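Take these sequences, add in the hints, and give me the full structure.
Chains as they are written, first to last, in UniProt numbering: chain A, 1 to 324; chain B, 1 to 325.
Simulated from the structure, these hints should not be mistaken for laboratory data.
Treat the hints with caution; some may be incorrect.
Claimed, not checked - One side only, chain B facing chain A, incomplete, derived with CB under 8 Å:
| id | residue |
| --- | --- |
| 1 | D52 |
| 2 | S220 |
| 3 | A226 |
| 4 | A228 |
| 5 | G230 |
| 6 | A231 |
| 7 | S232 |
| 8 | F238 |
| 9 | H240 |
| 10 | R243 |
| 11 | P319 |
| 12 | R320 |
Stated by the list, open to error - Computed beta-carbon distance windows for the label pairs:
| id | chain 1 | residue 1 | chain 2 | residue 2 | range |
| --- | --- | --- | --- | --- | --- |
| 13 | B | L16 | A | E200 | 54 to 62 Å |
| 14 | B | V130 | A | L281 | 32 to 40 Å |
| 15 | B | L175 | A | Q60 | 53 to 61 Å |
| 16 | B | G133 | A | D204 | 51 to 59 Å |
The structure displayed is predicted, hence computed values, not measured ones.
We treat Cβ as the ideally placed atom computed from N, Cα and C, and that holds for glycine.
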Amino acid sequence: MSALLQINDLRVTFRTRYGEVTALDSVSLHVNAGETLGVVGESGCGKSITALSVMGLIPQPPGKIAGGEILLNGEDLTKVSEARMRGLRGSEVAMIFQEPMTSLNPVFTVGDQIAEAIMLHQKVSADQAMKDAIALLDRVGIPSPDRRARDFPHQLSGGMRQRVMIAMAVSCRPKVLIADEPTTALDVTVQAQIFDLLNEIQRDFGAAIVLITHDMGAISEMADRVAVMYAGRVIEDASADDVLDMPLHPYARGLINCIPNLGRDDDSLAEIPGVVPPLHLLGAGCAFADRCAHKAPRCAVEKPLLINHGHHPAACHAVEEGRL
Amino acid sequence: MNASFLIRRLGFGLLLMLGVVVLNFLLIRLAPGDPAVVIAGEMGGATKEMLDSIRQEYGLDKPVLTQLWIYISNVAQGDLGQSYFFNQSVAGLIAHRVGPTILLVLSAQLLSIALGVFLGVIAARKPNGVMSGFVSIFATIGYAVPVFWTGIMLIILFASVLPIFPVEGMQSVKLRDAGFLVQALDVAHHLFLPAFTLAVIYLAQYARLSRASMLEVLGSDYIRTARAKGASEKSVLFKHALRNAALPILTVAGLQFGNLISGALLVESVFNWPGMGRLAFDSILRRDYPTIMGVLFFASAMVVIANILTDLSYRVADPRLRGKG
Chain A
1 MSALLQINDL RVTFRTRYGE VTALDSVSLH VNAGETLGVV GESGCGKSIT ALSVMGLIPQ
61 PPGKIAGGEI LLNGEDLTKV SEARMRGLRG SEVAMIFQEP MTSLNPVFTV GDQIAEAIML
121 HQKVSADQAM KDAIALLDRV GIPSPDRRAR DFPHQLSGGM RQRVMIAMAV SCRPKVLIAD
181 EPTTALDVTV QAQIFDLLNE IQRDFGAAIV LITHDMGAIS EMADRVAVMY AGRVIEDASA
241 DDVLDMPLHP YARGLINCIP NLGRDDDSLA EIPGVVPPLH LLGAGCAFAD RCAHKAPRCA
301 VEKPLLINHG HHPAACHAVE EGRL
Chain B
1 MNASFLIRRL GFGLLLMLGV VVLNFLLIRL APGDPAVVIA GEMGGATKEM LDSIRQEYGL
61 DKPVLTQLWI YISNVAQGDL GQSYFFNQSV AGLIAHRVGP TILLVLSAQL LSIALGVFLG
121 VIAARKPNGV MSGFVSIFAT IGYAVPVFWT GIMLIILFAS VLPIFPVEGM QSVKLRDAGF
181 LVQALDVAHH LFLPAFTLAV IYLAQYARLS RASMLEVLGS DYIRTARAKG ASEKSVLFKH
241 ALRNAALPIL TVAGLQFGNL ISGALLVESV FNWPGMGRLA FDSILRRDYP TIMGVLFFAS
301 AMVVIANILT DLSYRVADPR LRGKG
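Laid out in structure tokens, this is it:
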């Protein structure tokens, strides 16, 4: 129990017109200081909800943290007051969002927006905060930072804006940095630069990074450990090498197979048939059963648990029974 | 703020004013009836010689285009003509009354924006809450009720039943010689009911508009970013969201200015406020054409100026518009 961020059996529900649905179902994750945890899965599998839960930004209502705990340095974030959470947000846990184009406020200069983050958590003058903001812009590789600090977001490219977001997120040296698909909206060449930057920042600042993505390439480049999520549950949790080299769960195997391989001479890309089932239609059994080639009668009625059946933990009856 | 934009905008404004002058002039000429007959009628009789001399005096015997040219060049020199009824220069008449009207209109505008936006922001915080429902109902009532009725009701309630405010006018006669501060307070005291009456319609609209605008902005990514930084709810609402939600409010504020001036006409009549609306009302009843044209000209000028100021304020509010034509 010495992990920096430890999520235990987290359950998050949402009130919808179909009734109450379970967006996160006993999710357990942990990340240690200086480590990068990759969280992968298709859209709608609960990656972002997990991140927003840690940030205390789940809109309540309709959302509700229905159970479990989120321990940051042993402090349960599901139980702290809103004022305390506000103090932690941005200073202890910070987040980089998917959409750099819309995540910065269009009516304030980028320098002001970074300086604001600094002044919210540190007792410094406005002048000093702006100086720090310019230094951060320099640190994230923005040329002529003192001039750029006076620019408005619309005057910067997508890659530059994501650099600004990173500068803002690390401005108070957070212990945990959550990056929610930080490169999805960017060009491939810029993606690589952003990952390099995140790696450097981690080395300099010693932050733990939670990298949410569906890009397995990003995982192989960045992550120390990987948690694979599906329909609100963690279905496989191991070191990045283990998951990439020897995925166990049929869904994880599918994800790895989906990585296009230039060396392979296939005509078509591999795909996982079907889609993630809507949360309100989840039954008693394994949520992946309908898309699974290794389905057995047991899979429709009994939820598999995330247990180590030999190599590393995976939530699958077929793995448990040795059929895979 | 770039200068070429300002110059171009002012140029358009002047062109627009020229159009207003021409249209004003032609509208009055198109109206049935001969002004000379009306003037002669006011004087109490009309012989042929008298009509001719009146036509000559007012230049009505010249071709319409010549008359138009004379009127435009007079207006350009600040001469709006002579009032038939008051027998004073129209410019002088307006100069006396423009102050109270501007005071009334600006107070109503400020009151409606400040209060309306505040109510809208509060309502947007909880879109299904009590406040939100109150704003919606209030907006419907405020918009539906005629302004003179609101005025009369307020007079009955707050000047007659509960005599808190004066019934009419802009100043108490007995305070004419008092010190500046006392006089200013006296004017403010007289101003409150008419300004509030005029503000009610627009207040409700601003409340609804800012509620809708805020709801849209509060769902955007940069608001989530602000929260993720650890910004307080007050800062999220009034700093991060309101600046962005202000654009549609500014647009409407600019467009409403014209309506506000025509609303002032009614309010000034109800409260006997000594402004331009009152002058317009009197001059229309008395077919005092030069005065009507002068008042229309002045009201148009105020609307054009308000629109230029609105355009400029966009650029202050939204940096994305700066440097664009």
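Could you tell me which of the numbered hints above are not met by this structure, giving the numbers in increasing order?
1, 8
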